[in-house]
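6 protein chains.
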Amino acid sequence: MMELAIKKADVLIEALPYIQAFKGSIVLLKVGGSVMEVPENLENLLVDIAFMNAVGIKVVLVHGGGKAISRGMLNAGIESEFVNGLRVTCDKSIKVVESVIKDEVNANVVSILKKHKAMACSLHGDEIFVVEKKTDVHHESGRVLDWGYVGLPVNVLTEKVFKMIDAGIIPVVTPLGRCANGELYNINADTAAAALAKAMKVSKLVFVSDVPGLLMDVHDHETLLHSLRISSLQKLKESGVVGGGMLPKLDSCVEAIEAGVGKVHLVDGRMSHSLLLEIFTKQGVGTEIISDE
Amino acid sequence: MMELAIKKADVLIEALPYIQAFKGSIVLLKVGGSVMEVPENLENLLVDIAFMNAVGIKVVLVHGGGKAISRGMLNAGIESEFVNGLRVTCDKSIKVVESVIKDEVNANVVSILKKHKAMACSLHGDEIFVVEKKTDVHHESGRVLDWGYVGLPVNVLTEKVFKMIDAGIIPVVTPLGRCANGELYNINADTAAAALAKAMKVSKLVFVSDVPGLLMDVHDHETLLHSLRISSLQKLKESGVVGGGMLPKLDSCVEAIEAGVGKVHLVDGRMSHSLLLEIFTKQGVGTEIISDE
Amino acid sequence: MMELAIKKADVLIEALPYIQAFKGSIVLLKVGGSVMEVPENLENLLVDIAFMNAVGIKVVLVHGGGKAISRGMLNAGIESEFVNGLRVTCDKSIKVVESVIKDEVNANVVSILKKHKAMACSLHGDEIFVVEKKTDVHHESGRVLDWGYVGLPVNVLTEKVFKMIDAGIIPVVTPLGRCANGELYNINADTAAAALAKAMKVSKLVFVSDVPGLLMDVHDHETLLHSLRISSLQKLKESGVVGGGMLPKLDSCVEAIEAGVGKVHLVDGRMSHSLLLEIFTKQGVGTEIISDE
Amino acid sequence: MMELAIKKADVLIEALPYIQAFKGSIVLLKVGGSVMEVPENLENLLVDIAFMNAVGIKVVLVHGGGKAISRGMLNAGIESEFVNGLRVTCDKSIKVVESVIKDEVNANVVSILKKHKAMACSLHGDEIFVVEKKTDVHHESGRVLDWGYVGLPVNVLTEKVFKMIDAGIIPVVTPLGRCANGELYNINADTAAAALAKAMKVSKLVFVSDVPGLLMDVHDHETLLHSLRISSLQKLKESGVVGGGMLPKLDSCVEAIEAGVGKVHLVDGRMSHSLLLEIFTKQGVGTEIISDE
Amino acid sequence: MMELAIKKADVLIEALPYIQAFKGSIVLLKVGGSVMEVPENLENLLVDIAFMNAVGIKVVLVHGGGKAISRGMLNAGIESEFVNGLRVTCDKSIKVVESVIKDEVNANVVSILKKHKAMACSLHGDEIFVVEKKTDVHHESGRVLDWGYVGLPVNVLTEKVFKMIDAGIIPVVTPLGRCANGELYNINADTAAAALAKAMKVSKLVFVSDVPGLLMDVHDHETLLHSLRISSLQKLKESGVVGGGMLPKLDSCVEAIEAGVGKVHLVDGRMSHSLLLEIFTKQGVGTEIISDE
Amino acid sequence: MMELAIKKADVLIEALPYIQAFKGSIVLLKVGGSVMEVPENLENLLVDIAFMNAVGIKVVLVHGGGKAISRGMLNAGIESEFVNGLRVTCDKSIKVVESVIKDEVNANVVSILKKHKAMACSLHGDEIFVVEKKTDVHHESGRVLDWGYVGLPVNVLTEKVFKMIDAGIIPVVTPLGRCANGELYNINADTAAAALAKAMKVSKLVFVSDVPGLLMDVHDHETLLHSLRISSLQKLKESGVVGGGMLPKLDSCVEAIEAGVGKVHLVDGRMSHSLLLEIFTKQGVGTEIISDE
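So the protein lines, in turn, are chains L, D, U, S, E and H.
First residue of the first sequence: -10, per the numbering used here; consecutive thereafter.
First residue of the second sequence: -10, per the numbering used here; consecutive thereafter.
First residue of the third sequence: -10, per the numbering used here; consecutive thereafter.
First residue of the fourth sequence: -10, per the numbering used here; consecutive thereafter.
First residue of the fifth sequence: -10, per the numbering used here; consecutive thereafter.
First residue of the sixth sequence: -10, per the numbering used here; consecutive thereafter.
Some hints could be false.
All copies of an identical chain are treated as equivalent in the list; a pair is satisfied when it fits inside any one copy or across any two copies.
[What the hints assert, rightly or not] Below, a list of computed lysine to aspartate or glutamate pairs in the EDC-like style, where the Cα atoms sit at most 20 Å apart:
no., residue 1, residue 2
1, 106, -1
2, 190, 148
3, 190, 80
4, 104, 3
5, 56, 70
6, 238, 3
7, 106, 172
8, 12, 116
9, 271, -1
Since the hints were derived computationally from the structure, they do not count as laboratory data.
Turn these sequences into a full structure, and let the hints steer you where they fit.
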């Protein structure tokens, strides 16, 4: 028993320099929809966040809601349509999106955080994101795509977020926004997280998703890159090593760092307490991306 | 390795409710001279204190300096004299006491805390304790004992202590005081710690010494009392179970709790990281004494 | 149009001394379940609360959920049982109560406040109320009543509430609590509000319900008492003028004032913006109860 | 009566979004001498300011004193001399200016604000404005004009102003300044207001004077421009539509906005509570000038 | 010159322990009307106050206005009437009192403080003192005396005073008050100062008047008492040594100390910089009265 | 005696405008090793610093330790080696440097400040300076010089310094640093002071050394320059008037001012209380260097 006790103490002591380094700093976490599907993964992750909050890190959490929304659509008899991996959102869909992401997904996250004694408060994206309708030209066909009620953040009202984190509260943010005429829009959760991280110039932006980080070879976990500079990232992209579904996320990493965010982490939300281990122990378990300077 | 990582996470998560409960509260630690004699014990203890500081506990540290002072006396060619276990302090002795406890003992404690990245600052007792000369009548002979420059705190100037802990600094306090005419006095370190704890109405007062806590049978560690109320303590004393060298310390425990201190802990400084384990894990390793209400 | 403008200005100016008097003070509002049944009444009331928040009053809101819970019971196939007007709560019921009051009622209140740009955050009673099981002896039969999971607050953890109101956030509190062994209990919402008001020593405690205030003759609105001292209240009770369903509420008014709450108001939530008019205009529309001094 | 009550509530509710938007922001008001001549206008205006202060707007007030100074001159037997509409101030005049504007005009404003329970405090310009003597070359004659003790602000000591508004106090500022050698100078009140607004980077600068705002046709109130960008203002000037006495004021509007002031308003001080209506209702009654971005 | 420089340094160093001891503490100064009659004395005194403010003492100043008011009465053709040394104040008188004490005396004090770069702000007594009409029974005749508009403070609204001193501003307070019906009353300045000192529990209350302090023999300055406890004061009164005009002032000293004021000083305002010398040098020049404990 | 008292008052009053001007501003003092050799000079200087701290100036103290270190080297049997006036620091030397400068020199400074009731706390350079090894090319020989453990600050962690000065504590800083691999380095104390001054953008940087300031003719004290702009300094250098040992110090003056430091002062630490006189009296006794604007 004595031995066990000493091992426990060793773990706490190992965490000490990380706690000292990060307390008082702002960490923005984007939690992907897939992580939220497995209740145990989600709860483990939120306990990690409660821990970060308890040791004085100012955590902001932005979450998606992918599968829950698709289920909500199904229940409402609306067919889901995706272009370039992004949900096209008609006027019926946006009501389902709002209802599901606010009343189910967000409420659940807040409730689990409260269960673990963290002060958490839902802060819906439409309270802080001012958006414009997303209108892209399709690369191949050249026609203008109509994403419906999908918005791009053009302004972020950070005052409420700062008030909350300064009071020790974790704001749990939904990826919604409002455009000038007051209409509600859906925002891609990665985009919302990156926009908020940039507006707040946070110390760390962490994407928690269902990949282990950045792999040189996606089939071999041993090829995980633990740390790389954005210039190296650029080279990897050019050499074609990194690609596919990771590309948009990596682009927002680069964009965020260039806008003043300190570091970006990619963490695997399927692994138990990966966030805690990435932040508070020597064996970081994901990939960190840092500026060149 | 994965398994190890999960165990690490478990220890951090186990600490979470304790961190949540104690952050922002004031804990006053009295570290006895004997603990300070073994460098490894002292360093382990101070790392624990750095951890407490890092997670937002406001730590105040009062230390003694027994053996270092005796060595200093020897070097200065002064014979140490004790009455009822308390050092009689002549005018030559008090100079040695001041020099040893400030420049050696206190400086060493501050230096180790800084090494572990805690903001620590020496705060000498003569900056905060106003004392009167201790004058007791000897129980047997009836004569008034002359302890020389041994003082009893009659007033504690807590303003500087509060300023420091509010700025995140650990005040490292020497058990000295000054009487109205400006003369420097030695104070028994337990007495100094209890006086400061009472004046600040701290949440916890922890005595770290070279005993494992309160034992029903001093020869059997299995008889350690983990938690008891002051009324029970009274009964144990009356029944003669507790006695000897522990009596004065227990009296100051009772006095402190009656003056508004939340809890008193007795922790064994010889055991590695006992303080951390007592405060942040389920298996408390010492004795806690609480009020009857 | 000019005339209209001047009238508008007059109303704002009339509100000025009330804003000056109440800004910075804490007002605890208990909103009864019946008020929450009529969406328009509820929204009007919450807009009033957003106004109070905007002019610097620190509002805390405690709400009941009577009819919504009864509907939830019905849906779950549990029969509602009442003793002395208080819901008996079995182990199945408490799950329904928690789910309905948190996920429906509370979420709805928070959502409407946010719609009107007030920073609001749900704060569930089990985060702040420590309860003991309610066990009364029935007056007539002499047998001990078993209310099931109905608790009485024995301790209120006000720290989170103060943090929120100091950050400009309206805490929206559910009448739940947890006893020492961690079990969830239901609390009568009036009791919860009064306990919180006492623990926080608020300036005003306002009961918003479906009565116009205190009437000398319940059938004649012209007999509304605008202001009375608690000693007069005592006399009215003794003379039998006031009685019936109002008695328990009036008892908690008296108890709250005796515990240091400044004033208690009874306001009619069915009347449009009655709260705003009671607080910010000359024509108070409910009853205020004040101490004798 | 019920109907009246509801109308009152409607006015307060209409003001809600404006209060939410402006609380905590700094608004600098310049009140022209002509407005101050009519006691009723002045009192109405100051009540509006007390209202703004009460709902959490940080108001700074700079006032002129034109006619009162001219009367003071007359009493002192000094002839008033104006060049380009600006008072030439000899060494006798500056004494009269100081006495009248401090002891009469400023004292009166502070006194009325206090009467309406606003915390107000006189802050004389010579405490905050460092000036240089104004020396212009006359456009026609080419000779250097000697304005006497008329100064141009070259530095503004904003620390005291910020301390006051952060303590909830309205600083009431006289348009005076001191040059390096300690001599007192008169400053044009519009110039002083604009200089202070720029130095503090206030959210709004409001000129309250005896014109209804910016009119396309000065003889037709229906041609009032409610909102225009500074680029449009430039075009109006070039086209000759706007001109005459308004030009210098409009130039300081442009200059202020270019230096970081959020918005400039022109409000008619002769109209009862025009300020309140401009700030807190849908029907703004003056002209607002905003940046092009 | 070198020698002079060293002497200068010595004076500053002598002041050091006094500055260290008093910074952050609240000192309430009552300045009597007679001191204010001699411009040089008044200016010297106010420079001393500016110094106290500069080194971090929180100064509150209450002033009388005796002779200026009498002159004002004379100008207004009203005869001054005194009973027991207190001005009887009819309805015409109270208007003169208000005008003279606010617009002349108070404005002058604020203006001189500002000249010496202290942030000062007039705070009229009617903003903070709630009074009741003074009604005494005459000792000899037994009839109830009618003092007219002379009030006794029954409540003191200290919030504004604390806001000002916390912002580094010196509140300059006139001895006026308002009773429940809104009527303005005159208050004896000693009484007002003592009431405010008690309500704020200040560290020091200093009466600056035209006596050198407390003398054993009023004809011999060498008999000045530098320091005495309130019990000794009692004995002096009983023995008849102290008496006459000093009695009421000494009674308010005793009352203030018993209500929690730390110390009371009597300082001679006719002596140049006596206040500075009393507070910041070894040679105190007046009398200090302290509690018995 | 009366006359003496008045003179004392005059000195305090003379200091008033300087106290008003400097309170709240940050002053960084570099105290050279030679000044620290004469105990009386050091104590006088530290009393001056205690005074500055007491009147609200935020003092940061960086000290060297030249001669004490040389003595320490001698005792340890290590020969001191200097290149271009800078100590070459081998691996044995750096241990001696650390021990002497922390345990002797710094401890002594802190102890004297505490004796004079100033809150002071040692803050070792290795807690705040991140350094790189100094590697210069020798001007004449062209070879790369190896200074050993001599570092140049590349980053300064100012957070702890700001926390201390905001809590009223004087940080007493040793000129040490740590490079990325954790090794301890010595830093030239002038360089350390200038780097910290730049990182904190302090109002004043004061070099206290054993020269009277900047002299046109080093042999004639009458040629002391009291104030000069950095452009003039440049000209003096070019004309060869200023040169020799002063050059490196003057270069860091220029660099500091260009990086945003308000003013740099050169003060003679051998003259009693020169610092106090330079800061708080009309007769500044050293040289001040200011920017050209």
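Against the structure, the hints come out as follows:
In this assembly of identical chains, the alpha carbons of residue 106 and residue -1 lie at most 20 Å apart only when taken from different copies (17 Å versus 25 Å within one copy). In the homo-oligomer, the alpha carbons of residue 190 and residue 148 lie at most 20 Å apart both inside one protomer (13 Å) and across protomers (18 Å), since each shortest distance falls under that limit. Proximity of residue 190 and residue 80 under a CA criterion of 20 Å is satisfied in neither setting, with 33 Å inside one chain copy and 41 Å between copies. Proximity of residue 104 and residue 3 under a CA criterion of 20 Å is satisfied inter-copy only: 15 Å between copies versus 27 Å inside one chain copy.
Taking the shortest alpha-carbon separations for residue 56 and residue 70, only the intra-copy value of 13 Å comes in at or below 20 Å, while the best inter-copy value is 40 Å. For the homomeric pair residue 238 and residue 3, neither the shortest alpha-carbon distance inside one copy (31 Å) nor that between copies (34 Å) is at most 20 Å. For a Cα distance limit of 20 Å, the shortest separation of residue 106 from residue 172 across copies, 15 Å, qualifies, whereas the shortest one inside one copy, 35 Å, does not. In this assembly of identical chains, residue 12 and residue 116 lie within 20 Å of each other by CA distance solely across copies; the values are 17 Å between and 27 Å within a copy.
For the homomeric pair residue 271 and residue -1, the shortest alpha-carbon distances inside one copy (12 Å) and between copies (16 Å) are both at most 20 Å.
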